[in-house]
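Enquirer: Given chain G, work out where chains Z and V should sit, using these hints.
Chains as they are written, first to last, in this note's numbering: chain G, -5 to 269; chain Z, 28 to 721; chain V, 3 to 164.
No false leads were slipped in.
Sample of chain V residues facing chain Z (criterion: CB under 7 Å; computed from the structure):
hint, residue
1, SER35
2, PHE38
3, ASP40
4, CYS41
5, GLN96
6, CYS100
7, LEU127
8, GLU128
9, CYS135
10, PRO140
11, SER142
Selected chain Z positions facing chain V (Cβ under 7 Å, derived; list incomplete):
hint, residue
12, THR35
13, LEU38
14, ARG268
15, LEU651
16, THR659
17, VAL661
Since the hints were made in silico from the structure, they are not lab data. Every value quoted in this text rests on a predicted model; they were computed, and no experiment measured them. Yeah, the Cβ is synthetic: ideal placement off N, Cα and C, and Gly gets one too.
These are the residues of each chain, in order.
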Amino acid sequence: MRISEAYYPATAAETVELLRVNPDILILAGGTEIVGLQTSRVIELPAQVVSIAKVQEFRKAIRTEQFIELGSCTTLTGLLGLSPGTLPHPLPEVIRSIANHAIRNIATIGGNLCSRNRFMDLWPLLACMDAQVELRSPSGARWASVSHLCGEDGAPFFPRATLLTRIRIPLYSYNFIVYRKLGSTQYPGPGTATFACLANVEHGKVADFRLAFSGLKAFRLKDREMAISGRKTTSSSREIKNLIDEYSRSFSSQEWFDSRLFISLLEEAFERLFA
Amino acid sequence: MRKESTDTLPLLSTLHFPGMLYASTIRSSVARATSVHLSHDPLPAGYLCIAPADVAAEGCSLLLSEGISLFAHADVSYKGEPIGLVVGPDAAICDELAQSATAVYEEEDPSLEWESFSSSQIAYRYEIDYGEVELAFAKSAKIEKAIYRNGIFDHHYSEPMGAIANWEYDKIAIYCATQWPTHVRQAVAAAMHIAESDVVVKPTNLGKSLDGRLWFPSIVACQAAMAAKICGKPVKILYTREEDFLYTPKQARSAVTIRSASDEQGKLQALDVNLIINIGAYNPMAQELVRQAVAAITGIYFCPAMRLEAYAIKSNIIPLGAMGSIGATHAFFSIEAHMNHLAKILGKAPAEIKMLNMMSKGSSNFGAPALGYEIPFSKIHRQLEKMSDYRRKYASYELVKKRDPGCREGVVRGIALTLGYQNGRSYSDLPMMNAYAVETTLDRNLNLVINTQASIGSDSLKAMWKASAEAALSISGEKIHFAPPNTDTAQPCGPLTLSRGASIINRLIERTCRAIQKKRFRESLPIVVKTQTKAISPPKDPSGQDRGIPVFDAASWCGSAVEIEIDRISGEPKPLAVWMVVDAGKIVSKELALSSLRSSIISALSLCTGADFDPEKGGRDQYLHDRGMRLTDVPDIGIEFIDSDKTTLAHGLGELPFITIPAAFYSALTQALGAEPRQLPLHGSEILRLLEAP
Amino acid sequence: MIIDVTVNGEPKRLQARSGDRLVDVLRKDLTLSSLFSDCLSGRCGRCFIFLDGRLVHSCLIPAFKAKGSAIVTFEGLRESPEVREIISALEKAQAMPCSFCKTGKIMAITELLGRKPLPGEEEILEQLDMVSCPCTDPVSLVAAVGIAAELRNKRKFNRADK
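Extracted from the complex, chain G is given alone in its bound form:
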C-alpha cells in the first residue's frame, strides 16, 4: 500500500486529533524499525502516516530530584547529548551500544519502546528501573509502567489509537548492575536478546532485586525478585543453583530463545551477586 496522505502535526494535541479521526493511522518518529526492516527500493507504508519527529513537545527533557522525564521523540544521540550525569547509569552506555551513530541520530527512545515486533534494547533496563510511559489517546492521558508494554503472553503490546509521549525514569541508583546484549548489535533478529539485572547490595544483603530478559518476547518473574530481595550475598552455591534452576525451569517453557544462553547470563549475574 502506498501513502496517500502524510501529516505533519505541530503539537501533541494535533497528533491526538489525527488518531481520533483514524485510530489505525501510523505514527512515525525516527522510523528506523519500520523502514530499516524493509529492503525493497520502495518502502511499504500504510495509506496515512503521521510524522511526529519535529513536534517540539515530544523532544523536551525535564529533570527533577526524583526522576528524568524525556519526550518520546528524543533521539538516542540527543539522550547522549544531555549533560553528564543526567541519565542514570548504565543508560548512556546501553544507548551507545545500540546500532550505530547515524542510526542513533534518528532513532528515538519512544520508538525503541514501541516496537510491535519485538522488544528492543532499552525495554528490560527501563522495566527494571520502574520507568513509566505517558500514553495519550483521544480519551485522555495516563501513565503506565513500561512493563505495561508487555502482554500476558510475553509479546509486545501497544494499545490501539494511542501515542507514547513521554518516558519517566526514576533517578534511583543501583550498585549492582548487569546488562548484556546477545546477538547482532545492528539488526535485531531471532538471536538477539537483552538481559538486565539490577540490585542494591547493602550490609551483605540483596535489596531491590530486578531481572528482565527480552527479545522476541519478554521474560520477568516479579515474585522471584521479591524472594531474592532480602537474601544474604553469602548464599551457598546450592542455594544459587536452586535460584538458577527456578528461573531456567520457568524460562524453558518459552521457546523464543535458546535457554542455554539465558542460563549463562543467569549464572554470570548470580555468581557476581552472590560471590
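Expert: Using the frame of chain G, we list chains Z and V on its own:
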C-alpha cells in the same frame, strides 16, 4: 580537490546512457522444476516482460556455452534462478513488477543432499591412487578418521552484481565488474550468435577481487545484452544488495573425510581422502575448484601413499564456488585440523607433528615433481613463535584446560600456528586459465602505458604494479598509466589474474619494462614491448597421468598464528590477535603489501566468525544479519616479511590469509574448547554445548 | 507529492512518490552522484547526508519525512577546507578508499572530527564501521584520521608547521 585518477574504473551504479532502461530479474520461487510458465498482470506503458520464449524468438541462445541456463525454462535448478526480466524506465517499478510476476511450475523434489549423492549430481570427479595404500593401513600403528566441514560465505563485494548492455556504433558494449572479461565477451557472442569481434567488454570497478566474479557476471551480461536487443535500447541490470546477497555465488560448502595411517611417532604412512565440494546448481570452474583442493590436500606434509576421491556435487541451491583461494581453503583447513587431531591423540605438541611430517627437499607427493628446495618452515616458525609468544601461551592455555576442563573459571583461550603456501598455478584444462599478457608502451612524452586486462584489479594492486614499473624504469609514478582494460584493445588474461596470477602480471610488467629500458636510448619512441605467459598444461606425473598435484614453483609461504578467546556467556569466539610471517620473495611495496594483507586477514577472519549462509532458508533476516567483521572487533595484526632465498622475484601473497587463517583459527578454537568440532564456522550455543560436555 | 527542502543551502522542491527513499529522490531529482542507494538498511554508509545537522543514512528516511529539513550532501562539502584536509590525510596515509565508499567515509570522518577534534582509535573505528567496505585496512584509516585531525587543528589554531 585532487582530480580522480584516470586509472580508476567507473562504477556500474554511476553509468548512465541516453534512453537507458532498467531491468529487474524475475526469479523462480521453487528449487527444482521441469518447466516454467511465466505470467504477469498487464504492464504499464513502457514496461516489458522478457520471458525465455522471447529470447529464443530473437534467435538468442538460452544456454551459456558450459550448459548453464541464462533463463530457466525447461529446468529450474535453484530457488531464485532467473526465469525472466521486467524492463522499463524506472528501476523501482521494474522491481515491483518483477516481484509481482507469477509462474507455474512442474515442480520436483529438489536434491539438497550432497554428502551422500547420486551419480547424476556429479559435476566433476577426480581420483588418485598412489603408492601402497592398503598395505600402509594394514601395517599402521595408528589409524584415525574424521570428517571436516566448512560453510558457505558471502564475498561482501563493494558493488552488487550487474551489467549494462549498450549498442555502440557497430558493436554491443558490455559494462560489468568481472575478473574475466574475455569470458564475458565469449559468452555474449555465443548467446547472441554474433562474432566475438562484435562484442566489446568494458570492465567497471571490481573493487577487491575475491574470486566471486569469475564467470557469473557473464550470465548477467548475456541477460542485459538480450534485453538490449529486444528493446532496442541500452539496458542496465543492477541487483539490490539483498538480491546480490541471496542469489550470487558464494564460497562452496565442503566435507572432507580424512583417514590417516601413521606410525607410533605420528609420521604419516598413508592418507585415504574423500573430498566433496557442494557447488550448488552449477559451476563451470568445478574442475579448477576440485583440482586446487586436491593439490592442497596434503598441505605442507609428505605422504608416501594416497588414495583420493574428489567430487564437485551439484545440488538445487544457488551456485557456489571460490572465495579468496580456489579450493585451497577447504583443503588446508581439513589437513591442518587432522594433523592437530593426530597430535592430540599421540599426546604431542602440534608443532612436533608438523616438523615430523614436513616435506623436505627432494620429496614428492603422489608423483608430483620433487620439491626443489627446503620449505622455510623453521625460519617462519621461529619468527612466528617469537612474535606471538606462542610457546608460553600454548602451554598456559593447556594448563588452564587441564585444571578446569569445564572452563568454569578464568578465560577460555587458545592459540595455534599454521603454515601454508600459495602458488600461481592453475589446474584446469582450459587454455585461457593460465593466460597472462602485458603490453607496455613508452610514448614520446615519456609516459608509460601498461596495457593488460589485469588492470581490472583494485587500485592497491595497480599501485604495486606501478611501483614495480617505477623501479624498473626509474620514472615517476605519475607518468605511469594503465590503458582501459576493454577487450578490444587490452591484452587478454585468464580468470586467475587477480588471485594467484597477480605476481605473474608483476613479473611480466617488470620484464617489459626491462626490455624497454634496454631499447630506450637506442631506439626512437614510442617503444612497445609485449609479453605473455605460455599456456601451461596441468602437471603430469611420471606415468604421464594428468593429476591435480601440488606444485611448489613460484610458491610463496606463510605462517599464521591466531589467538582467540571464547565469550563464556554467548559462546562466541573472538580473535584476540593475528600474526603472519610471509616469505613471498621480493616485496615491491611493503606498505601496500601490509595494507593488502591486513584487509585480506580481516576477510579471512570473517569466514571464521561470520554466519554460515543457509540458501534453503533464504530471506531478508539472513541478509540483515550478515556482515563482515566489525572494525571494532578486528584484532591486533602483526605481519613480518622474510625472503628466504633472496630472490629477485615477487610471488603472490593475496591468498595466503584465506589459506592459513581459517586453519589456524580452527586449531586455536580446538585448544580453547578442549574438543574438536570439525567444522567452521561454529557459534554461540554450539560452543557452549562443547564446553559443557564431559 | 512535493517536498520542500533545502539542499546544500539552496531551496528545492523534490518530487517524490509515496514510499520513495530520500536517497533515491536526491540522487535522481538532483543528480547528486555522491549518494548510492545500496544496502537500503543503514549499513554501508554510501547514502550519508547531513539532515538538519545530523549525519544520517538517507536510505532510512522516507522522502516525505524530510519536509522542511536542511540537507547537506558531499557535493555541498567537497570544496570545504575540512574535506580537503581529510582527502589529503587519506592520501598521506595511503588509505584512500575505493570509489564506492569514498564519499561515505569522508562524510563519516567529517562528522566525527566536527564533534571530536581528537578522537581515539576506538571512536574512529566505531565511526568508520558505519561504512562497510573491505577496501582499506583499519590501521591505515586510523592513521589517516589522526593526520586529518592534526591538519584541522593546525588550521583552526593557526599553528605553524614545525
